[in-house]
Each structure stands twice: as C-alpha cells, then as structure tokens.
Amino acid sequence: MDQYDHKKIEKKWQKHWEETNAFRADDVSSKEKNYLLIEFPYPSGDGLHVGHVRSWTALDVVARKHRAEGKNVLYPIGWDAFGLPAENFALKTGIHPKILTKKNTDNFKRQIKSIGLSFDWSREIDTTDPAYYKWTQWIFLQLFKKGLAYKAKAVINWCPKDKVGLANEEVVDGECERCGTPVEKREKEQWMLAITKYAQRLYDDLETVDYIERAKVQQRNWIGPSEGAEIDFAIAGSDKKIKVFTTRPDTLFGATYMVLAPEHALVGKVVEKLENKDEVLGYVAAAKNRTEIERSAEGKEKTGVELRGIKAINPANKEEIPIFVADYVLGGYGTGAIMAVPAHDDRDFAFAQKYNIPIKHTINPVYIRDDVASRTDFTPKHKIVSVVEDGKGNILTIQWGPEMGGTLFLGGTIEEGETPGQTALRELAEETGYTDAEIIEVGDEVFDYKYFASSKGVAYQAFTKFVHVKLHSLTQQEQKLEQNEVGKFKVEWVSAQQVPTKVTEVLHVYAFNKFILHKPYTGSGTLTNSGHFNEMNSEEAKQKITEFVGGKWVTTFKLRDWVFSRQRYWGEPIPMIFCEVCDKKGAGWQPVPENQLPVLLPDVEQYRPGENGESPLAGMPEWYNTTCPACSGPAKRETDVMPQWAGSSWYYLRYCDSQNDQVFADPQKLKHWTPVDWYNGGMEHTTLHLLYSRFWHKFLFDIGVVPSSEPYKKRTSHGLILAEDGSKMSKSKGNTVSPDELVEAFGADSLRLYEMFIGPFDQPTPWNSGSVVGVRRFLERVWKLAQEPLADEPASEALEVTLHHTIKKVGEDVETMKFNTAVSQLMICLNAMEKAGKLHASQWKIYLGLLAPFAPHVASELWEKLGFEGSISKENWPQYDLAKLVAKHVLVAVQINGKSRSTIQLAADASEAEALDTARKDSGAAKWLAGGREARAVYVPGKIINFVIER
RNA sequence: GCUGGGAUGGCGGAAUUGGUAUACGCGCUAGUCUUAGGAACUAGUGGGGCAACCCGUGGGAGUUCAAGUCUCCCUCCCAGCACCA
Numbered sequence: 014m015d016q017y018d019h020k021k022i023e024k025k026w027q028k029h030w031e032e033t034n035a036f037r038a039d040d041v042s043s044k045e046k047n048y049l050l051i052e053f054p055y056p057s058g059d060g061l062h063v064g065h066v067r068s069w070t071a072l073d074v075v076a077r078k079h080r081a082e083g084k085n086v087l088y089p090i091g092w093d094a095f096g097l098p099a100e101n102f103a104l105k106t107g108i109h110p111k112i113l114t115k116k117n118t119d120n121f122k123r124q125i126k127s128i129g130l131s132f133d134w135s136r137e138i139d140t141t142d143p144a145y146y147k148w149t150q151w152i153f154l155q156l157f158k159k160g161l162a163y164k165a166k167a168v169i170n171w172c173p174k175d176k177v178g179l180a181n182e183e184v185v186d187g188e189c190e191r192c193g194t195p196v197e198k199r200e201k202e203q204w205m206l207a208i209t210k211y212a213q214r215l216y217d218d219l220e221t222v223d224y225i226e227r228a229k230v231q232q233r234n235w236i237g238p239s240e241g242a243e244i245d246f247a248i249a250g251s252d253k254k255i256k257v258f259t260t261r262p263d264t265l266f267g268a269t270y271m272v273l274a275p276e277h278a279l280v281g282k283v284v285e286k287l288e289n290k291d292e293v294l295g296y297v298a299a300a301k302n303r304t305e306i307e308r309s310a311e312g313k314e315k316t317g318v319e320l321r322g323i324k325a326i327n328p329a330n331k332e333e334i335p336i337f338v339a340d341y342v343l344g345g346y347g348t349g350a351i352m353a354v355p356a357h358d359d360r361d362f363a364f365a366q367k368y369n370i371p372i373k374h375t376i377n378p379v380y381i382r383d384d385v386a387s388r389t390d391f392t393p394k395h396k397i398v399s400v401v402e403d404g405k406g407n408i409l410t411i412q413w414g415p416e417m418g419g420t421l422f423l424g425g426t427i428e429e430g431e432t433p434g435q436t437a438l439r440e441l442a443e444e445t446g447y448t449d450a451e452i453i454e455v456g457d458e459v460f461d462y463k464y465f466a467s468s469k470g471v472a473y474q475a476f477t478k479f480v481h482v483k484l485h486s487l488t489q490q491e492q493k494l495e496q497n498e499v500g501k502f503k504v505e506w507v508s509a510q511q512v513p514t515k516v517t518e519v520l521h522v523y524a525f526n527k528f529i530l531h532k533p534y535t536g537s538g539t540l541t542n543s544g545h546f547n548e549m550n551s552e553e554a555k556q557k558i559t560e561f562v563g564g565k566w567v568t569t570f571k572l573r574d575w576v577f578s579r580q581r582y583w584g585e586p587i588p589m590i591f592c593e594v595c596d597k598k599g600a601g602w603q604p605v606p607e608n609q610l611p612v613l614l615p616d617v618e619q620y621r622p623g624e625n626g627e628s629p630l631a632g633m634p635e636w637y638n639t640t641c642p643a644c645s646g647p648a649k650r651e652t653d654v655m656p657q658w659a660g661s662s663w664y665y666l667r668y669c670d671s672q673n674d675q676v677f678a679d680p681q682k683l684k685h686w687t688p689v690d691w692y693n694g695g696m697e698h699t700t701l702h703l704l705y706s707r708f709w710h711k712f713l714f715d716i717g718v719v720p721s722s723e724p725y726k727k728r729t730s731h732g733l734i735l736a737e738d739g740s741k742m743s744k745s746k747g748n749t750v751s752p753d754e755l756v757e758a759f760g761a762d763s764l765r766l767y768e769m770f771i772g773p774f775d776q777p778t779p780w781n782s783g784s785v786v787g788v789r790r791f792l793e794r795v796w797k798l799a800q801e802p803l804a805d806e807p808a809s810e811a812l813e814v815t816l817h818h819t820i821k822k823v824g825e826d827v828e829t830m831k832f833n834t835a836v837s838q839l840m841i842c843l844n845a846m847e848k849a850g851k852l853h854a855s856q857w858k859i860y861l862g863l864l865a866p867f868a869p870h871v872a873s874e875l876w877e878k879l880g881f882e883g884s885i886s887k888e889n890w891p892q893y894d895l896a897k898l899v900a901k902h903v904l905v906a907v908q909i910n911g912k913s914r915s916t917i918q919l920a921a922d923a924s925e926a927e928a929l930d931t932a933r934k935d936s937g938a939a940k941w942l943a944g945g946r947e948a949r950a951v952y953v954p955g956k957i958i959n960f961v962i963e964r
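To convert, note that position 664 of the first sequence is 677 in the working numbering; the numbers rise steadily by one, no gaps.
The set of hints was computed from the structure by calculation and includes no laboratory data. Watch out, some of these pointers could steer you wrong.
In silico EDC-like pairs for lysine to aspartate or glutamate, Cα to Cα no more than 16 Å straight-line [unchecked claim]:
(1) Lys-848 x Glu-810
(2) Lys-396 x Asp-461
(3) Lys-126 x Glu-32
(4) Lys-956 x Glu-925
(5) Lys-901 x Asp-922
(6) Lys-503 x Glu-491
(7) Lys-831 x Asp-775
(8) Lys-21 x Glu-757
(9) Lys-493 x Asp-461
(10) Lys-649 x Glu-624
(11) Lys-229 x Asp-775
(12) Lys-201 x Glu-624
(13) Lys-116 x Asp-142
(14) Lys-887 x Glu-877
Restraint ranges, calculated between C-beta atoms of paired labels, are given here [said to hold, decoys possible]:
(15) Lys-254 x Lys-394: 43 to 49 Å
(16) Asp-775 x Lys-331: 56 to 62 Å
(17) Trp-134 x Pro-773: 29 to 35 Å
(18) Thr-640 x Glu-288: 51 to 57 Å
(19) Pro-238 x Val-899: 49 to 55 Å
(20) Asp-390 x Arg-933: 32 to 38 Å
(21) Ala-926 x Lys-878: 50 to 56 Å
(22) Asp-775 x Arg-933: 45 to 51 Å
Please read these numbers as outputs of a predicted model, since none were measured by experiment. Where a beta carbon is used, it is the ideal one built from N, C-alpha and C, also for glycine.
Could you put the whole structure together from the sequences, leaning on the hints where they help?
Take a look at the structure:
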C-alpha cells in the first residue's frame, strides 16, 4: 500500500498547476465572472504569517469551489512594497530598499506556492515598479486637477523618531502607530487630499454594500456625521463675527460664554487689542506644544483664558458674553468655536464652575411614564423632591413598599401659599421629626412629570421643584403622619455611594444627579428663560431658533482631510513642480505633464530625512532642479513622497489589466471584472485603506474612468490568530508559528485544513499546535480508505443520505465562511464512509470534489489514482440530489414532561397516530408513562414526541 | 461614558433558528500492536451517585408541552470610538 507522502504529491501538483497555468483568469469569457480579492501583502522580512494563510486559504477555498462550479475566477496577488521597514533597513545598512524588497518578495512567493494557493501569477503587481506607480502618480494628478489635492500649512502629527508626518489614522492613543513615540504637533506645508468632500457619500453608500457589520459601524463612527446649526456671534463694537457649530440651538438663550480653539484664526486677529495679550499668547503656545499624551494625562481638567477686552453678543437675547480660548475645543472639528451652555452641557458646566461664569437654565425636563403615554386627561399638581444631607456624607431616604416606588428621597405636595423650600422643611418635620435644617438651594427648573397614581386612579402632571436641604443636627420632634402613612415607611440614612443602587425613580435620580453629583441636565425638554420660545419643545425650538438668528442647518463630520505628504524616501514621488515665477501669478504648483510620467524615484546616497524633516530627495539638487511646465523657467520638483496608502488605494483595478502601458487599465477589462465581488482583509484596515480606496474609487468613477461607484461589493474579515496562550503573536515575543515548518512536517493540505478548522473564521482564535495532528490524521484516513478496493454496487441508503447532506452543508458553509463546520462535516462523512465498507466510485467522486478546495493536493492525487476523468479543479463540484437528502427512516426522541427518555425509529412519513402509538409501546418510554394520565402529546415529525403526564 | 460583539466540557468549538445540549477535533483514560516511542489502532470520556436517578449552556426571574436559542433584570469579558460641541 502507498504511504501518504505529502512532500512528493504536493510538489507534483504545484508543478502541474504552474505548468498548465491552471488558475489563469480569462479577460474574455462566457462564464460568470467572479473577482475574489485578498489584501496584497507588504513583503516583510519575517515572511508569511499564519494570519496570511488563514485569510488567503479562506478565499482560496472559495476560488477553487467557484472554479469547480464553472465560474471564471480572478484571484490575484501582488506586493504593497513601499513603506518604512524597507527604508529603515536601508538607513541601517545602506542597502537599497529595492534589493531587500526583491529578496523578501521571492521568499513570499516561494512560501505562497508551497501552500498551494491558486493565485493568478500572470497578473502579479508591485507598487514600487515604475510601470505601476506611473499610474498612482497619474491618479494624483487627476485629483489635483479637480481641486481635491492641495497644499496647505497644516498642524500635523509629527513623529520625532521616524521624522515623518502622520495622518490622524496613524496616531494611536497619541503615539506613532509604528514606533510608539509620543506624537508632537508641527506646522508644515503638506499635500492634502480632500476626502471630506466625499464624506457624505462615503457614509451614505455604506448602505449599498455588503460589508461585515463591524466594518460599517467603524467607518460610520470614523466619518462621524453630526447634524446641527451654524450660528454667527457678533463681536461687540466690531464687524467681526464668530461662527459656531452646535447640535443644541434650542439652548441658545442659555449660552453665557463662547470658546475658541487655540488654533482659531480669530485669536491672532484680535490679540493686539486684548488687555491680557501675553497671557493669551502664552496659553495658545502652550496648547500647541502639548502632545496628545500630555493632554490626556492631564485628565479632563479644563483650562482656558478669557480674551479680556472683547465680548461677543448672544444673537438670541443680545446679551454680551465673555469669550475664552480653551483647548477643550478642537480646532479641527466644526468651526473650531463653540457657544457654551453650562446649564445643559457637561463640559461647559465644568468649565463655567471653574471660572465662575453664570449658569443659565433654559430647558425644563419632561418625562411621561409609560402607563400614561396615550392619555391627555392630566390633573396638574405642584410637588417637590428634596435631597436631605446630614453633612457627613449621608443622605436621607424613605423606604416605601415597592408599590410606592421603593426607596425615595423626601417628597411632597406644595400647599397653598408655600414656597418649595417651606414645603421641604414642613415635610421633613412631619415625616421624620427633624427640625434643625437649612435650605441650601432650590433649583430653577420645573420638571414636568406625568404619571398615573393607581391608589387614587388619577393621571397627574406633576410640576416638580427640587430642593437641597442640609440637616444641622438630629434634633427631633414627634412625627405628624397622615393616617394612611403610619407604618408604611422607614427612614434610613444612606451613604452617597450607595444611593444609585437603591434609588431608581426618575425624579429622584434627577435630584441626586443635580445636587450630589453636580451634573447638568443635557436632555431635551421644554424651553424656559428663552423669550417668546418659552414652552416650546426642544425639537421644534432647534429649527425655530436657528431660523430666528439667521443660522444654517448643516452636517459636520469628524473625518478630516488626508495628509498625503511624507518626508521620506521610499515612496512614490509626488508629481508636482514649484515655480516661483508662476507663483506670483497664483499658480506656483504645476503638475508634471502626463506624458512625462512616471517621475522616477532616484537612487540616493543618504536615506536619512533632514533634521527639519525634509525628504532625503531634498538633498539632491540634480534631481529636484527642473524646468517649469508652464513657463519653462527654472523650477523645483516636490521632494515629498506619497504615503504607503497611495499604491494600495487602487491596486485591485490594476489586476484587471496589469501590463497595460497606455492606461491604468483597459475600460473593457474594468467593465468585465469590477467591482470586486468579495474582498477579505483585516479589521485594522477598516478606517485607513478601506476608506481611502473607497474615496479614490468614487473619484475615479466621477471622472468616468471606472464603471462603478463602489470598489468592493462584499467585505469580510478574518479573526486574528493568537499565540497558544491567547496573547498576540509577535516576532518580539518569539511566539510566532512558521508556516514553513508546518508545511515541512505535516504538509500544505494539513496546514490549510487546520487553519480552516481552527474556529469561526471571523473570530480570533488561539493557535493549538496539538490540533494540527488531528487534521493530519484525518487526511491519512482519507488516503488509507482510498486504497481499498471499490464496490461494484452503489452503496447503502444511509451513506447516500450522508454524502448528499455533506454536499449541501459544505457548499453552504463555504459561501457563508463557516469553514470550521464544513471541515467538521467532511470528517463526519469520512467516519460514515469508513463504517460503510466498500465504496462506489461515484461516492469517491463526490467526496474528493468536496475535499479538493480545502486539501487540493491530496484530492488531486487520489482523483488521479482512482482513474477519474478530467481535472478535479475544473467543473467538478458535486450536485446534491434533493430526493436523496430525505432519509426513509428517522430517529425520533421521546420526551416525558420535557425530559428525553428514549428514542424510536420511525418511517419518515409516519402519521401522528402511528408515531404516538409506537412511542407508547416503546420499552424505554413505557416505564415513564405507567401510573400517570396522559394530558397531552406533542409530535414534531422527524424530531420529537413529548408526552405530558399528570400524576 | 457611547457603540458593536460575546459568555456552552479540561481546551478550540457544534446545535437544522424553540425540538435528544456538548457534533467535529484536541486532550485525557484503558487496552492492542510494538524492544521502545507516537504524528499507529480499538474502546471510553459533561458533573454527581454503588445504583435507580439527579444536576447541568455566566447569575436571577418569566413565556412555553418544550429554552443554549424568545422576554425582562443583573454580572463579567472582548473590540472600536472617546473633550466631536
């Protein structure tokens, strides 16, 4: 008998596939096209990672299945080869990144081929190849021509170690994503791409694509639209205005100050007039120098400085209000300025308290309890809720029974002629006997609380005031309780920490938040202190007040424009030329004419960026000195290069026509292949690569060079493979697993099968080296069984059912990426085949067809050994026969009172009467049925019988 | 804090969407072949109990003939975002 020799057969079939161009996609074909895409790798020196294998094998299984189903599959591969590691290596060793890249891609290629991935190598691309980046540069020029690429002095995130400007997306927790150094702020002239112009479409069109929900949520979050009003605040005695963005124009009457971000342009314009010029300039400078880390290390403590000498005018009530500069307002969001409403915003409240700014209440809370939602017949009443403190951190509570609302603070009805404070003191004395008390505060607000008093059968609208009381001593008189109150409650002092666990009623929670936690009310409600808008609800007032002050309803986004310059070497040169002569005419930046593309990246001697952060190219006058395309005078090339995200923003388009030197891809081929049908990749690329490439694609669609408005129809994501202890795999921890060793020891098929079996595809799973053995054993058993002589007769009914069920299950599982259960089903099926004895050729044909996408080498070898016609990888996906899915006999569980007691064998089409009858006679069940009365019997055909027995 | 996703044997994980919980694999136990070994083979393997049986899907209530699955409350874990006005 032949031994299963994975090395021999894997080498044989890999050679065969290469020689026959087995996986080449056809640009012209009558077959249904199917474009499957994985994220092309950065060819790092570490080589292939088991994470790559998981993602790529998954789509390889899909690709192989789809080919077997007769589709024209495009499954390409290439290299995202620009980037920092190769450049840092060059810095250390002086070896050109090109050389390192070649070495690494060769290694990757060898590894990829060794695991039998069915890529179409004829379309291989490399972002660092001038024939490729020519078109990256071309796309940049189109962006420039449409005004979407512009140079601007921008405050950028600067990594002092890598000496490179970073996009917002590359800053993680205030640190450089790559090296972990705290990021600084720097002002620099940068090329920017106006992705914000596409924010709305990038947001809205997520509706039209089939992305894993997590990815959609993350992108929505990142784009971050927010609806609100833009409102102008005039500066008193000046024609200057400050535009603010607010989502709460309904609280405009409560705006008692304004805040500008330190970066706000107005600060510089008015600073000379200020009484405290030096203080303001000092604050602004300090804010700029602070790193993100320092800012968050300072906690949420807010700082700021008033601009003394100028005032703004609240456009709603014409009151003069102070203007502050404070870094809790962000320069890059909204208009960089806010109106501050301390009564109804947490941050403004904290700031106003610190700087003694008036707090003006303008929203009365409203709450309608569910039990009166549909009623209109309310009896008005005036109440108070009072929080009584003993000055030692304890709060007075009244413990009622659950029907009275459980644990509450003191409350009561305001009687004729009483102030809320008097009511509070009276109720305190009556219910608890305490008399030595003082009113600290009576809240301005009136809480409109609608509820149903079941004891009285009345729906009340309780206008509730809030009183804060301090008890000086426990001096007590006798309680004066009403008849119905006697013995119904207990007075208890509760520590402030414990209150939230006991007091849950809306009004009382509100009182606690207000007086003890000092939280402002930030919800909606009814307007007050707001002129003729009083009594209007928040939603209506938002529109009406915006109109009243001449504001505009707008949507703002968190998304910022994309900082596109890198002061580095190993990237695509930005194809722009600066001419000082033309600059005087307002057109200093000139695009390199398209017929001069690509602008080649020259070889340099020195890879280190300059101390001021300029690109190494800035040290090469022989390269950057050139002539102006507009006036032919002397001019200089841009020496910054593009970020790594450039080449990957459109690579899937190049695969359609990777050799074309006339256009970036032939429109006919683009039409044939795009959009990508299925794109699998990591979650870490959701807000970077995925969003950027959607942006570029939409732009290319707008200028008419691609036929669809979205690049990817479907996006899925694989879970990370963790180390055996559940921690992250990393080279530095030395807990990585090498695909090479696994291929050597167990074979590519075992590696592929194991990674598909390891766990649910979209979830992180720890690696388990022991489990690889399991799938290897499985393949050994397949191999061994295939050496047995074949049967002449078609096999037993039971096995046919299992086989056809397996066809159905594996097919469905592959499409829904439940690879783990697909493999499991293949194992179950093999178990059944081993038990069945001799197998018929047709059964092997089915089984190998199903196994082939997962373990293509073994399946191909056995297919050939068994003498089957044609290629297993082409058009041999088995079809299941619905008739064969239905077994003639089924096993039905018998339950007594919901507990499984026995199983019985029934004909699949057994009637209810037959089934129940059989069950009653079953020895296992009979014992439980005896001595009781059968109250009910439930029969679910093919599944279960349940007898309800009363005793 | 907000948003999204989770919690099932010793481990990775199944469960036809309300119908025999723990499929499949690992590990473990016993045995077989073997000088030996296991990446070999066979059988067993949720917990408790001598047994009949009982208990079991993070915790607590509920709906149902029947709940891992549905409803409500709670606890914990993971991921993303976070001074976003």
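We went through each hint and held it up to the structure:
Among the hinted pairs, Lys-848 with Glu-810 is consistent with the structure: their alpha-carbon atoms are about 13 Å apart, no more than 16 Å. A threshold of 16 Å between alpha carbons decides the hint, and for Lys-396 with Asp-461 the separation of about 10 Å falls inside it, so the pair holds. The straight-line distance between the Cα atoms of Lys-126 and Glu-32 is roughly 13 Å, inside the 16 Å bound, and the hint therefore holds. Distance hint between Lys-956 and Glu-925 is fulfilled; the C-alpha atoms sit about 12 Å from each other, no more than 16 Å.
Taking the CA atoms of Lys-901 and Asp-922, the gap is about 8 Å. The hint holds against a cut of 16 Å. Distance check on the hinted pair: Lys-503 and Glu-491 sit about 15 Å apart at the alpha-carbon level, within 16 Å; holds. Using a Cα cut-off of 16 Å, the hinted pair Lys-831 and Asp-775 holds, with the two alpha carbons roughly 9 Å apart. Restraint check for Lys-21 and Glu-757: the C-alpha separation of about 11 Å stays at or below 16 Å, so the hint holds.
For the given pair, Lys-493 sits about 29 Å from Asp-461 by alpha-carbon distance, which is inconsistent with the 16 Å threshold. Of the pairs offered as hints, the one joining Lys-649 and Glu-624 is violated, with about 20 Å between alpha carbons and a cut-off of 16 Å exceeded. For the suggested pair Lys-229 and Asp-775, the alpha carbons sit about 15 Å apart, so the restraint of at most 16 Å is met. For the hint linking Lys-201 to Glu-624, the alpha-carbon distance of about 14 Å falls within 16 Å, and the restraint holds.
A hinted pair counts as satisfied when its Cα atoms are at most 16 Å apart, and Lys-116 with Asp-142 qualifies at roughly 15 Å. With a CA separation close to 14 Å, the supplied pair Lys-887 and Glu-877 stays within the 16 Å bound. A beta carbon spacing of about 47 Å between Lys-254 and Lys-394 agrees with the range 43 to 49 Å that was offered as a hint. A beta carbon spacing of about 58 Å between Asp-775 and Lys-331 agrees with the range 56 to 62 Å that was offered as a hint.
Checked against the hint of 29 to 35 Å, the C-beta distance between Trp-134 and Pro-773 comes to roughly 31 Å, which is consistent with it. For the hinted restraint 51 to 57 Å between Thr-640 and Glu-288, the CB-CB distance of approximately 54 Å keeps it satisfied. Checked against the hint of 49 to 55 Å, the pair Pro-238 and Val-899 passes, with Cβ atoms roughly 52 Å apart. A beta carbon spacing of about 60 Å between Asp-390 and Arg-933 contradicts the range 32 to 38 Å that was offered as a hint.
Restraint check, Ala-926 to Lys-878: a C-beta distance of roughly 53 Å satisfies the suggested window 50 to 56 Å. Asp-775 and Arg-933 have their C-beta atoms about 47 Å apart, which keeps the hinted 45 to 51 Å range intact.
Hint compliance for this structure: hints 9, 10 and 20 are broken, all remaining hints hold.
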